[in-house]
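Spelled out, the chains give:
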Amino acid sequence: GEDVEQSLFLSVREGDSSVINCTYTDSSSTYLYWYKQEPGAGLQLLTYIFSNMDMKQDQRLTVLLNKKDKHLSLRIADTQTGDSAIYFCAESMDSGAGSYQLTFGKGTKLSVIP
Amino acid sequence: NAGVTQTPKFQVLKTGQSMTLQCAQDMNHEYMSWYRQDPGMGLRLIHYSVGAGITDQGEVPNGYNVSRSTTEDFPLRLLSAAPSQTSVYFCASSPDETNTEAFFGQGTRLTVV
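Protein sequences, first through last, are from chains L and U. Its first residue numbered 41, the first sequence is counted upward by one per residue in my numbering. Its first residue numbered 975, the second sequence is counted upward by one per residue in my numbering.
Hints in this document: simulated from the structure, not taken from any laboratory. We put the beta carbon where it would ideally sit given N, CA and C, even for glycine. Be a bit skeptical, because a hint or two may be false.
[Unchecked claim] Covered stretches of chain L, as calculated for chain U (at least 3 residues, CB under 8 angstroms):
1. 91-103
2. 109-122
[What the hints assert, rightly or not] Computed beta-carbon distance windows for the label pairs:
3. U/N1039 / L/R53: 43 to 53 angstroms
4. L/D98 / U/P1057: 40 to 50 angstroms
5. L/A117 / U/S992: 46 to 56 angstroms
6. U/P1013 / L/D134: 26 to 36 angstroms
7. L/S57 / U/S1043: 43 to 53 angstroms
8. L/D94 / U/M993: 42 to 52 angstroms
9. L/D66 / U/Q1031: 35 to 45 angstroms
10. U/M1015 / L/D134: 18 to 28 angstroms
11. U/S1058 / L/S57: 34 to 44 angstroms
Taking the hints into account, I'd like the entire structure generated from these sequences.
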């Protein structure tokens, strides 16, 4: 079955770059996503990348996709204390029933040290 | 726009009780889903719907029922609550099947004692 793996914790100093890594097993993934969850809140979609892309940049966020190694990363430039949260990697693929089902990793807790 | 609204935010049930978790969205999204989030785990899909009148099972459907009589509402029913259903439940909606614009509710924290 599908599996999405992430490291559980990452700690960085304010102003440094953060890199959160994710590996997935299903080569038929169509979209790959990064979600952010702040304490007591729901998930917020940060960005996504289509599987035929290598890179996507959106302000401080850069997503890199290595399809050969099934590796996805999220780089946050100039990390701020407000970036402290849990970041979830997710993949989706066509279920064949008209819906793309999301499979989530366990989440990486990012702690930003002032 | 309110987005995706879940009620209640917190609930404590006794084993064997039944209840319905409510989810409503005002964005006219066709696709809605229910997930549960357990400590140290990612979200797992319980049930989903691709439109009014259509529902299907996700990864962990046992013990839960859903219905989709309107586009706006997608309630999740626990027929006979068990301690294993203690979790945080999230409802999500999306305008299309790709989930590239998915919105999540704030979650319902359920404890079954």
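Regarding L/D66 and U/Q1031, is the given constraint of 35 to 45 angstroms on their beta-carbon distance met?
19 angstroms, violated
Can you tell me whether the CB distance of L/D98 to U/P1057 sits inside 40 to 50 angstroms?
Since L/D98 and U/P1057 have Cβ atoms about 42 angstroms apart, the given range 40 to 50 angstroms holds.
Cβ separation of L/D94 and U/M993, checked against the hinted range 42 to 52 angstroms
47 angstroms, holds
Does 46 to 56 angstroms hold as the CB distance between L/A117 and U/S992, or does it fail?
With a Cβ separation near 49 angstroms, L/A117 and U/S992 satisfy 46 to 56 angstroms, so the hint holds.
I want to verify a distance hint. Is the separation of the beta carbons of U/M1015 and L/D134 within 18 to 28 angstroms?
24 angstroms, holds
Holds or violated: the 43 to 53 angstroms window for the beta-carbon distance between L/S57 and U/S1043?
48 angstroms, holds
Using the Cβ atoms, figure out if U/P1013 sits within 26 to 36 angstroms of L/D134.
31 angstroms, holds
Three-residue Cβ test at 8 angstroms for the coverage of the segment 109-122 of chain L by chain U
violated (count 0)
Taking the beta carbons of U/S1058 and L/S57, is their distance inside 34 to 44 angstroms?
The hint (34 to 44 angstroms, Cβ to Cβ) holds, given that U/S1058 and L/S57 are roughly 40 angstroms apart.
Does the Cβ-Cβ separation between U/N1039 and L/R53 fall within 43 to 53 angstroms?
Given a distance of about 48 angstroms, which is inside 43 to 53 angstroms, the answer is holds.
Against chain U, does the segment 91-103 of chain L show at least 3 residues with beta-carbon separation below 8 angstroms?
Result for this restraint: violated, n = 0.
Of the numbered hints given earlier, the model fails hints 1, 2, 9; all others are met.
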